[in-house]
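**Q** Sequence:
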Amino acid sequence: MSAKADEPLTQDETWKDGDFEVITSDNVKFCVPTHLLQTASGEKRIELDASAATITALLRITSKGFLSFDEPPSTRKYREIVDLVNFVRKYDCEAAGNFLRFAAQTAPDHTRDQAVVRLLILIYMDDKHLCAELFDKHSQRFGWLQGDASSVLRDSPYGLFAVIPFRYFWAMVAANVADPDDLPIEYLRKRKAGLSSPGSRFLHFMAIAEKRDDFGAGAI
0 MSAKADEPLT QDETWKDGDF EVITSDNVKF CVPTHLLQTA SGEKRIELDA
50 SAATITALLR ITSKGFLSFD EPPSTRKYRE IVDLVNFVRK YDCEAAGNFL
100 RFAAQTAPDH TRDQAVVRLL ILIYMDDKHL CAELFDKHSQ RFGWLQGDAS
150 SVLRDSPYGL FAVIPFRYFW AMVAANVADP DDLPIEYLRK RKAGLSSPGS
200 RFLHFMAIAE KRDDFGAGAI
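Residue 0 is where the sequence shown starts when you use numbering that gives the first Met the number 0, and the numbers rise one by one after that.
Simulated from the structure, these hints should not be mistaken for laboratory data. Ideal Cβ positions, reconstructed from N, Cα and C, are used throughout, including at glycine. Just so you know, not all the hints are guaranteed correct.
[Unchecked claim] The calculated DSS-like cross-link candidates involving lysine-lysine, where the alpha carbons are at most 27 Å apart (straight line), are:
1. Lys-15 / Lys-63
2. Lys-15 / Lys-28
3. Lys-127 / Lys-210
4. Lys-89 / Lys-127
5. Lys-89 / Lys-15
6. Lys-63 / Lys-89
[Said to hold, decoys possible] Distance windows between CB atoms, simulated:
7. Leu-8 / Gly-64: 34 to 42 Å
8. Asp-135 / Phe-160: 39 to 47 Å
9. Asp-213 / Glu-12: 46 to 54 Å
10. Asn-85 / Asp-16: 51 to 59 Å
11. Ala-106 / Asp-213: 34 to 42 Å
12. Asp-126 / Glu-12: 14 to 22 Å
13. Val-172 / Leu-8: 26 to 34 Å
14. Ala-102 / Lys-15: 33 to 41 Å
15. Arg-75 / Leu-8: 19 to 27 Å
16. Arg-75 / Gln-10: 21 to 29 Å
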């Protein structure tokens, strides 16, 4: 949905001095220097099917090379991450896409949520191999997928699970990506097949999911 013509525009307080106007779907106007949008000529005003939060995050990347991972967990935060990645892919923002991939590969701190944000970026970049690397390097950050009584799963916003495509979610749970070793009985044969690491098990089940018609509704 584009900007609503019958509603007044709200000027963004940070971006108000540039020569290029960007109007968001929630009627916020950004005045941005042309060079940040890599647009040298043509129209100087565009209306986008994106929210002010998405454009703010994109401009923070293009102007400062910065993306915050530090906000508390919330449904809104996860949705904004997904919207940002979808925007970058839709408009083929190569530099921003490369930045997001790089940021997602940096080591998360001790908090579970920083790993989750990195995971969402890689899922919506549809890069299952980098997801596998994340599981191999930081499997301990994904204990919430096990869902036992002591798990922080109880404190996870519903919105987190709502934005994870089903094929990814199924593959993560089926592979038990939170276990850095292997399952003692069920995975004995898979260990011999080279599927002992969380990442290799995840890729194994992703390959199964991608062949299953009934997983289509959850595909990106």
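**Q** Determine for every hint whether it applies to the structure shown.
**A** Verification of the hints:
no. : hint                          : verdict
1   : Lys-15 / Lys-63               : holds (17 Å)
2   : Lys-15 / Lys-28               : holds (8 Å)
3   : Lys-127 / Lys-210             : holds (15 Å)
4   : Lys-89 / Lys-127              : holds (19 Å)
5   : Lys-89 / Lys-15               : holds (25 Å)
6   : Lys-63 / Lys-89               : holds (22 Å)
7   : Leu-8 / Gly-64: 34 to 42 Å    : violated (28 Å)
8   : Asp-135 / Phe-160: 39 to 47 Å : violated (23 Å)
9   : Asp-213 / Glu-12: 46 to 54 Å  : holds (48 Å)
10  : Asn-85 / Asp-16: 51 to 59 Å   : violated (28 Å)
11  : Ala-106 / Asp-213: 34 to 42 Å : holds (36 Å)
12  : Asp-126 / Glu-12: 14 to 22 Å  : violated (35 Å)
13  : Val-172 / Leu-8: 26 to 34 Å   : violated (45 Å)
14  : Ala-102 / Lys-15: 33 to 41 Å  : violated (27 Å)
15  : Arg-75 / Leu-8: 19 to 27 Å    : holds (23 Å)
16  : Arg-75 / Gln-10: 21 to 29 Å   : holds (22 Å)
Hint compliance for this structure: hints 7, 8, 10, 12, 13 and 14 are broken, all remaining hints hold.
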